[in-house]
Amino acid sequence: MQKTTLPAVVSTFVVSFAFWVLLTWSFTAQELIVGALISLAVALFSARFFIHEKAFWLCNPAKFFSGLFYWVCIFPVELVKANVDMAKRCFGGCKNINPGIVKVPVDLKSDYGQAALANSITLTPGTITMETTEEDGQNYFYIHWIDVTAPSGKEAGDAIKGTLEKGLRRVWE
Amino acid sequence: MIVRIIADVLIAIGAIFALAGTIGILKMPDTFSRMQASTCVPTLGMLGAMLGALLIAIFVKADAGAAVKIAVIGLMILVTNPLGSHAIAKGAYKAGVRPEKKMETDDLGRDLYD
Numbered sequence: 001m002q003k004t005t006l007p008a009v010v011s012t013f014v015v016s017f018a019f020w021v022l023l024t025w026s027f028t029a030q031e032l033i034v035g036a037l038i039s040l041a042v043a044l045f046s047a048r049f050f051i052h053e054k055a056f057w058l059c060n061p062a063k064f065f066s067g068l069f070y071w072v073c074i075f076p077v078e079l080v081k082a083n084v085d086m087a088k089r090c091f092g093g094c095k096n097i098n099p100g101i102v103k104v105p106v107d108l109k110s111d112y113g114q115a116a117l118a119n120s121i122t123l124t125p126g127t128i129t130m131e132t133t134e135e136d137g138q139n140y141f142y143i144h145w146i147d148v149t150a151p152s153g154k155e156a157g158d159a160i161k162g163t164l165e166k167g168l169r170r171v172w173e
Numbered sequence: 174m175i176v177r178i179i180a181d182v183l184i185a186i187g188a189i190f191a192l193a194g195t196i197g198i199l200k201m202p203d204t205f206s207r208m209q210a211s212t213c214v215p216t217l218g219m220l221g222a223m224l225g226a227l228l229i230a231i232f233v234k235a236d237a238g239a240a241v242k243i244a245v246i247g248l249m250i251l252v253t254n255p256l257g258s259h260a261i262a263k264g265a266y267k268a269g270v271r272p273e274k275k276m277e278t279d280d281l282g283r284d285l286y287d
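Top to bottom, those sequences are chains A and B.
Okay, so the first sequence: first residue is 1 according to my numbering, each after it adds one.
Okay, so the second sequence: first residue is 174 according to my numbering, each after it adds one.
Everything labelled a hint here was simulated from the structure, so no lab data went into it.
There's no promise every hint is true.
Stated by the list, open to error - DEER-style ranges, computed between Cβ atoms:
#1 Ala188/B - Trp71/A: 18 to 28 angstroms
#2 Lys200/B - Phe65/A: 34 to 44 angstroms
#3 Met249/B - Glu53/A: 37 to 47 angstroms
#4 Gly238/B - Phe91/A: 37 to 47 angstroms
#5 Val182/B - Glu134/A: 38 to 48 angstroms
#6 Val182/B - Lys3/A: 50 to 60 angstroms
#7 Pro272/B - Arg170/A: 31 to 41 angstroms
#8 Met249/B - Arg48/A: 14 to 24 angstroms
Claimed, not checked - In silico contact screen, one side only, chain A against chain B (beta carbon under 10 angstroms); selected entries:
#9 Thr5
#10 Val42
#11 Ser66
#12 Leu68
#13 Val72
#14 Val77
#15 Arg89
#16 Cys90
#17 Phe91
#18 Gly100
#19 Gly113
#20 Asn119
Computed from a predicted structure; not experimentally measured.
Glycine residues also receive a C-beta, built at the ideal position from the N, C-alpha and C atoms.
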């Protein structure tokens, strides 16, 4: 079990309090004080589950802007492409599919990077991450793919997540 | 006026993708393919509707609180949806759900479960 550290508590508190302010959207003193107290309690209890590595990595401007670029430019483009492809298959009577589960190698090392990549893959219609494993220091994802065009390995990995992984590597490596 | 038209077009696009996802859920042949099709609904279906609603809230109604709440709802759906998808897909596979037609490749079954 991870120990509760001060940077972890501070960053969890900031996130919780920002969400409180966004959801209530009122700036009277009582609401802000109650929100701060509840955020502090939440941060004290949950910081050790929430933060596993450096707490303030987003304060590095290069990482912040490459992260922003990923979630504003790279990921939405992939999302729209995959959505149009999936909608075509659905309106075409759902006959044009070739499902299978492939195993692809992943080069990201950090926990957050892998979680972000797995969630991006799952959000893209046509691919769902089902399981992750580690063998001999190399991480693998098992991915259910609606239209298998390449056997397991590097080639399938590039087809599924080549662009996404390149964008995420700039944020977390 | 222009903003209103753009917002309506965005909502219509969202509705079209939600319809595609629904058709997929009803007509796909096996569990995992149905889950794949259903991903259309919370991504572009939801995003189109939310962007349209956001434009209306900002420019037509001029209501900052509503706009922020819409943005937070969209963000929360995008963050939480993949967690449920992972859990359902893995749980279904562990519980022994397999497609009737044999899959093209099935590395998960080969390596871990069968």
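Checklist line | Outcome of range test on Cβ distance (Ala188/B, Trp71/A; 18 to 28 angstroms) | finding: Holds, at about 25 angstroms.
Margin query: Checking hints one by one. Is Leu68/A an interface residue toward chain B, by the C-beta closer than 10 angstroms rule?
Written below: violated, 14 angstroms
Next item on the list: Verify the interface restraint on Val42/A: the C-beta must sit less than 10 angstroms from at least one C-beta of chain B.
Entry: With a minimum Cβ separation of about 16 angstroms from chain B (threshold 10 angstroms), the hint on Val42/A is violated.
Next item on the list: Go through the hint on Ser66/A and say holds or violated, using the shortest Cβ distance to chain B against 10 angstroms.
Entry: Check failed: Cβ of Ser66/A comes no nearer than 19 angstroms to chain B, outside 10 angstroms.
Checklist line | Interface hint outcome for Gly113/A [beta carbon to chain B under 10 angstroms] | finding: Given a least distance of 15 angstroms, the restraint on Gly113/A is violated.
Next item on the list: Return holds or violated for the Cβ distance of Met249/B and Arg48/A against the range 14 to 24 angstroms.
Entry: Given range 14 to 24 angstroms: holds, Cβ gap about 23 angstroms.
Next item on the list: Note whether the CB distance of Met249/B and Glu53/A lies within 37 to 47 angstroms or breaks it.
Entry: This hint is violated: roughly 24 angstroms between Cβ atoms.
Margin query: If I claimed the Cβ atoms of Lys200/B and Phe65/A lie 34 to 44 angstroms apart, would that claim hold in this structure?
Written below: Given about 43 angstroms between the Cβ atoms, the range holds.
Checklist line | Supplied contact hint for Gly100/A, tested at 10 angstroms Cβ to chain B | finding: holds, 3 angstroms
Check: Taking the least C-beta to C-beta distance, is Arg89/A closer than 10 angstroms to chain B?
Finding: Result: holds, 7 angstroms to nearest chain B Cβ.
Item checked: Agreement of hint Cys90/A with chain B interface, Cβ distance less than 10 angstroms -> Since chain B brings a Cβ to about 4 angstroms from Cys90/A, closer than 10 angstroms, the hint holds.
Margin query: Let's test the interface hint: is any C-beta of chain B closer than 10 angstroms to that of Thr5/A?
Written below: Hint violated; Thr5/A Cβ to chain B Cβ min 24 angstroms, cut 10 angstroms.
Going down the numbered hints, you'll see the structure goes against 3, 9, 10, 11, 12, 13, 14, 19, while the others check out.
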